[in-house]
Structure formats: C-alpha cells, structure tokens
Amino acid sequence: MNPQQESDFDSGALKPYYGKLFPFADMFKWMSYGHDGKHPGCDQSYFGRREFSFTLKGDFYLRFQSYNNVLELENSIKDKCPLKIDIGPVYTVDPAKRHAYAQSDNSVFTPVERELIFDIDMTDYDDIRYCCKGADVCLDCWPLMTVAIKVIDTSLRDEFGFKHILWVYSGRRGVHCWVCDGKARRLTNEQRSAIAEYYRVYKGNENSHKKVSLTGGALHPFLATSYTNVLKDYFEKKLLTNQNLLATEERYEKILSMIPDESIASELRGRWQDNRRSTSAKEDINVVRWEQCKQLLQSGKHKAQGLRRCVEEIVFSYTYPRLDMEVSKHMNHLLKAPFCVHPKTGRVCVPIDPNRCDEFDPTTVPTLFQILEELNNEGLRADVNGAEWSGTSLGNAVRLFRSSFLEPLQKACKEEIERSYNLKLQQSKNSIGW
Amino acid sequence: MEIVRPHSHRNLFSSNDAAPAPTIPLYRSAPPLEVRLEDFESFAIDRLRVLKGISDGLSRGKKPDEMEKLVSELWKVNMRHQHASEVLNKDIISHFVLRLVYCRTEDLRKWFLSMECALFRYRFRFLTTEAQRAIMDEFDITCKAVNIMEFESIKEKLGQVARSMGQPLPTGDAIFYKVPFEDVPELVAGRRVLLSQGYAYVAMNQVVSLVATLFRSQLSKTLILTNSVYICCRKWTSSIREQEKHRLTPIVEALCSSYLGPDFSQPKEYAEISLKDIDQLAKTSFPLCMRHQFDKLKEDHHLKHGGRMQLGLFLKGVGLNLDDALAFWRAEFSKKVGLEKFEKEYAYTIRHNYGKEGKRTDYTPYSCYKIISSTPGAGDHHGCPYRHFSEENLRAALSRMGVNSRATEDVMNKVRNRHYQLACTLTFEALHGVPCDAGINHPNQYFSDSQKILHPKKDSST
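Here the protein sequences come in this chain order: U and C. Residue numbering for the first sequence follows this note's numbering, beginning at 1 and increasing consecutively. Residue numbering for the second sequence follows this note's numbering, beginning at 1001 and increasing consecutively.
Pulled out of the complex, with its shape left as it was, chain U reads as follows:
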C-alpha cells in the first residue's frame, strides 16, 4: 500500500467497507452456533456473552464489547469503524456488565467457551528462511505456511476428531486456525495446552543449538505420517531449492552443525568445499548436496544411534509447523476476526480452503482498494441476494466461508441443540414421575 492509500485507509476506505461489504450476518450466524433460532432449546443469551474488542484509530483499544444481536454488532462497527476487530471468549455473563458481578469474589465472570485457536506467524521461521525477514512474505517462503496448514488440519480431523475448522489468512505474514466444534469450544486450558504440546517438536530456545530432537526407536505415528505425507516432499521439492538451503558455506554449515558425528560432517564439508566449481550446471546444487548428505547419513556404514534420526531432524527443523503456543493454551486469548483488513497491507483476512491450500497465494489476496474499485465499477447493481459483495473479489471469499465452513457448522449446531433439548426433556419427564 502506498502512503497516500495508507492515510486514506481508516478515514475513507474502511467506512464503505463496513458499510456495504463486511459480512455481518455471516459472522453473527457463526458466533451464534445455532442459538439464533426459534427452537426452545436455544440459549438466547449466548451471542451476548461473547467478547469483541476493537482497535481504533490512534491506538485506542476497546475491550469487552458485547452485542445482543446482529443489528447491534453491525451498528457499533459501522459507527466506530475499528482498524481491527478481535474476538474473545464467551463468558459466564455479559462481558460489558462484568463490573456488576465483580463484588462477589466467587469469580462469576470467567470464560466458559472459546474456539480452539492456532496462530502461525512467519517471523517464527526467520532462522530458516533466507528470502525475506520479519514482516515480509513471498512465494518462496509461503510453502512453510502451506505445510503448517496441511499437517495441523489433517491431525485435527483424523486424530482429534474435529470437523468444523476454519483457516484464515492473517492479512500479512501468517495464518490463523479456528476449531469450532462444540467439544473444542469447551476444552479446559489444560486440555488446550496438551494439544499445543502435542504439536510441539521444536524445542530449545536461542541458547541451545539443537532445535529439533527426535528420540526413541521410532517416530510417533503423527510425526511419521506428517513426515512421509507432507514434510519430506515439501523439503525436497520446494524449500531446499526455494531457499537455497545448501548453496553457500554459511547455510550448509548450519545443517552440518546438526549432524552429531563430526567425521561425517567434515567429510561432507570437504566435498562441498571442493566441488564448488566442478558441479555440473544441469543439476541444482542444493539437490546434489542433499542427496550426498542423505546417502552418507543413511548408508550402512554409520549405524550409530544418533545418526538414524538425523535426516528427519534436519527436515523437521526446516519444515515442521511452529505454533505460537501461548495463543492456543488459554481460553481468554483474543484473535483477529476473519474479514478484517490488515492496516499495513490493506489485504482482507480471507478464509483458506485447507484442501486447496497449495493454490493459495498471499500476494494476490484482494485488497480493500481493489474491492472498493470493483464495487464502483459494478455500480449499484445488487444481485438476487441483495449482497453488495457478490460481484467483487470478496464474493469468492464469503462463498468459500459459507460452503466449506458455515453451512456444515450450522447444521451440526442445530442437531446438537435439538439433541440436548430432547435429553433434558426426557430427564425432566422422568423426574416428574414421583
């Protein structure tokens, strides 16, 4: 975004975005989890106990906002025009009225439901990507995010049995994941920590050099499947060459330092220093060197215990997802809402289809200005639904949100409400029996 656009951003562009495009109704349907219906089992207070937080211009931060219905939410957002909307947990009581409950020291005001969330940020990979640093991303490092989505999404579904999972582009350099099954929303902090720990492979901080340590006689089935189905291919076919992981001395030394056997490391070092000129130009130098490295480490000559895992450890170090653990561990962590616009890039936080995450390109995600221009060109032609966004490139994002996430979720929520209502009815019938 150029500086002119940036200054227009909050004053001019967000207003029409919230005014005409932001999918309030869809957000409301999502956050209601079926409690917006007429069914007697619905909990009418549910949506009103959800915390929203706004970042306003001038870095004012408004926490503990709550709304009873979609109209209140819509009016408030249109009125305040927040640069960023965060979503918090559902509390025991309306968060806006929390002070009224504060007198009793019996902790009445506490979170009771919260989606299980994950935050993966490219800056956590800075030690293994050479294309850009910090806030920047490009198509050479984005595959790291694709790997993260594939590994985590598969495991959440197949291992933890979750079904309603939403992946969202964070607007700049990462992805967010919302797991919305009833079971996920009611997890305790301890259970959330356990799941986050389950995914943690990367150990050690800035002061211990071995980042990934895989011990034991075999890999846990989760790690083994992740390795064979995702990590290995992405390392060998994408990241090795994209990032030129073995092309220069500084870079290959980093990998050699992960080999516990000094004689193998120096043998490789010797070869790589020598063949700098002699390698044939046809083959990529990274690929050639990786093959040599693998061959030496996996050859029958070296059966030492520590070496067996070394190839895997290298691949894990350079590909395996790195989660921001703290975000996932606690119920009361806030996370940016989908369909927000990132104030620095102007890009909309659009959903990502995990089944087609290979095709996702962060550099072509629609920006606010692009969408507003499309809206202008479109004129006032509203489609059958009356939705203004349907003719813009935001339309695809909203349609994806509905078909792959919202519709199946709503169906499941209604069934759950029906089931628990019938159960309660049955129980009260039985208890009247006396």
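Hints are not guaranteed to be accurate.
As the list claims (entries may be wrong) - Simulated pairs of lysine to any residue, SDA-like, Cα-Cα distance not exceeding 25 Å:
#, chain 1, residue 1, chain 2, residue 2
1, U, Lys20, U, Ser76
2, C, Lys1178, U, Glu190
3, U, Lys203, C, Glu1186
4, U, Lys254, U, Val287
5, U, Lys232, C, Gly1190
6, C, Lys1336, U, Ser390
7, C, Lys1063, C, Gly1166
8, C, Lys1144, U, Lys232
9, C, Lys1221, U, Glu190
10, C, Lys1110, C, Met1309
The hints are simulated quantities; they were obtained by calculation from the structure and are not laboratory data.
Since chain U is already given, all that's left is putting chain C on it; use the hints.
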C-alpha cells in the same frame, strides 16, 4: 461431618476394628462422622506435612522413582494412627478439613489440587492390581477396554507409539483403554498415546495418568463447590452463632497461611531499589536466569513476552516500583521499537503486572518451579538456564558470572542429573563463598539471600 468439642470423650471410630484393606478413598462426599476438635486440627496438620513434603520434592526436581520413595515415606510417618481401623478415617477427615482450608482462593485451590493429585498418583501405584481395578471401576474405565478386533486393526500403530517411547511392543494380550482424548491431557501433551477420531488408546501401564486426571477434575469441581458452601457457612456463623467463629475460623485461617512459604509478592527486607543501582545489583545479586535476560535486554533492547514477564515480575519483587519499572523498560525498548510503540504496545503489560490494568491482579514473581517447567521457544531468553541452555552456553554463562572451573564442574554434574535448583544453589555458593543450606527455591530468594550476605549491616538494622 460434625465437629464436637474437645471435652466430649466419645469413642468415635470404634465401629470396625479389623484393619481395612489398603485402598484410596475417592473423597466423593464428606463422611457422616463426628470429629473431635483437636483431631480436626492435628489430622489436617499431618496431611499438610505430607503435601508440603511432596511440594518440596517436586520443586527440587526429584525423579519419579525418588518421588515414589519420598511419598511412601511421608505417608508412613505422618498418616498412621494408633488404631489401624482409624487410618482410613484419618485419611478422609484430614482431606476434607484441608479442602475447607484450601478452597478459598484460586492460588490455594491450585496448590492443594496439584499436591493431592500427586499424592493420589503415587498412592495408586502402590496398590494391588485388584485395588487398582476397583478404583478404575469407580471411574467407569474397565468397560472401555479395546476389543480384539479393534486391537488387531491398530496394533502396528500402537507398536510405533511404544517404540517412540523406547518401550517394548504390546503383546497380544495387552489391554488398552479407549477414552476421549480430553481425559488424558498429560499423555496427549507428551505424545505418549495413539490418537484416532477423538479417542486416545491408553495402555495398562498408563492408566494411572487417566485415573489421576479423573480424580483431579472431580476434586477441582468439588473445591469450587466447597468454597461457595464455606462462604455461606461463614455468613451463617457470623450472623447467627457468634461462638462458631471462635472455634473453626482461626484454625482454618492459620492452617492455610503457615505452610505455603513466602511468595515474594511484596518486597520486604529491602523495601525499594533505585534505578541507578540496578546494573550493579544485576552483577552481584541476580540469579543466572535473571542476569541472562537482563544482559540480553541491554544487548538487544528487546525481550519477548515470556522474558518480560519473568524478569519484570522478578524486578517488581526485588523492589522496583512501577514508575522506575516503566522507565527501565522504556529506556531499553525505545532504542529498538521507538518511544511511541513502547507506550502503545508494551507499557500496558508492565502496568498490568503491577495490577494497574485489566483484572487488576497484583501478579507474583515466578518461582523456580514455575520457571523450570516453562517452555521457551525460538527467540526466547526466559526459562531456567540450568535446564534450557545447551552445555556449552551454560559453561560460557557461568564463566561470565565468575564461577571458577572447579565449581563449574560441580554445577554441570547437578545439571546432568537434572537437579537444576541444586545447580543454582552451587552457583550461589561459589559466587558468595558462603553455604546456602536452605537451597534456592525462588529467584527473589536468591536475590535477598545474596543481599543479606553482601550487606549484613543493613539487614540487622531493619
């Protein structure tokens, strides 16, 4: 449970003279027993000795087999009773008294819950297979055994899990239980179970972990309930029966305050330190974990969240007031992120730590136990250096502190045996030339002990 006055000498627990088979009560409901007031207190103190012993053992980093021995020893010494038939009653009564004592704040509940669960876990291991099975029945676990067909279909993956932990392959008659993964968070966190479609496959030798979680969640729920009952009772006693207050309340209140040890939330001996002394103090009296973060902050002008919490709360405990703390962090961070960004993004958490924002809780400095069990990741500098540094980095850090090579070897020895707090204690002794018999349990204790040695006069005057 009804409490009777000390002078009413009734024989209370004589109903059953035969020694009961050793088992663990699940404390599901308070027993309909009458308890003498002196038993009420002495039983509770005996149990508290056990729990406190467990807490000390854990914070010293004792290994599971050492803990097992410790718990069995503590239980034998403190929880016996001259009448074998009353052992079980003592167990139950003491538990319920402490439940009343420790239900009253979040921190007390948390401590009691972890210690009772640790106790339960070790006692469960000592039980006979039949007694274990009886408890598993109580929790409806036995019916969740995996049948042969299902076992065959996942045998290979179960073997993979076993090998990943360095354990032998499960044999054909091995029993596995299929339970919701939520019931075994500890096994999930350690990647020690096979997960499929929301269920965890728990091996027989892991059942203790499952039982302990179920025990824990049951106890956790009842603790909150006990608290609301207690509040009602207090209102009732103060308004209707004035004399009740003098009977139970003092005992309950004394019991919970005396055994937790200082939490260093309020700096005591050295009421305040000033900003200009802080560099000097860091060199002489900060433990390595804080010294390292302090140096990194000066070097990088930045610390990630975990570091800001660990160092920030330590400094608060040491006596840095809020204004100085803001000045201190501002001076460093503004060099990297600029003044404006500091005020916007970081000042809030500092005020938050001092209870001036958000929930307005006055946060307490982290103990060694908490620091050792933290999990620093990429770019983090918090945690316990003795646990989280590589050997090389730790050696370098110790030599920068001025620990000589012989003492360094002793420290490394403790580290290798995972006695991180003892390693820190040895570092303290090497730098101060004075033995530290109590051991280091808290970074702020390290600081105040160090100051006591360096400025003995100041100490006697206060």
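Hint by hint, here is what the structure shows:
| no. | hint | in the structure |
| --- | --- | --- |
| 1 | U:Lys20 - U:Ser76 | holds, 14 Å |
| 2 | C:Lys1178 - U:Glu190 | holds, 20 Å |
| 3 | U:Lys203 - C:Glu1186 | holds, 18 Å |
| 4 | U:Lys254 - U:Val287 | holds, 16 Å |
| 5 | U:Lys232 - C:Gly1190 | holds, 23 Å |
| 6 | C:Lys1336 - U:Ser390 | violated, 44 Å |
| 7 | C:Lys1063 - C:Gly1166 | holds, 18 Å |
| 8 | C:Lys1144 - U:Lys232 | violated, 37 Å |
| 9 | C:Lys1221 - U:Glu190 | holds, 14 Å |
| 10 | C:Lys1110 - C:Met1309 | holds, 20 Å |
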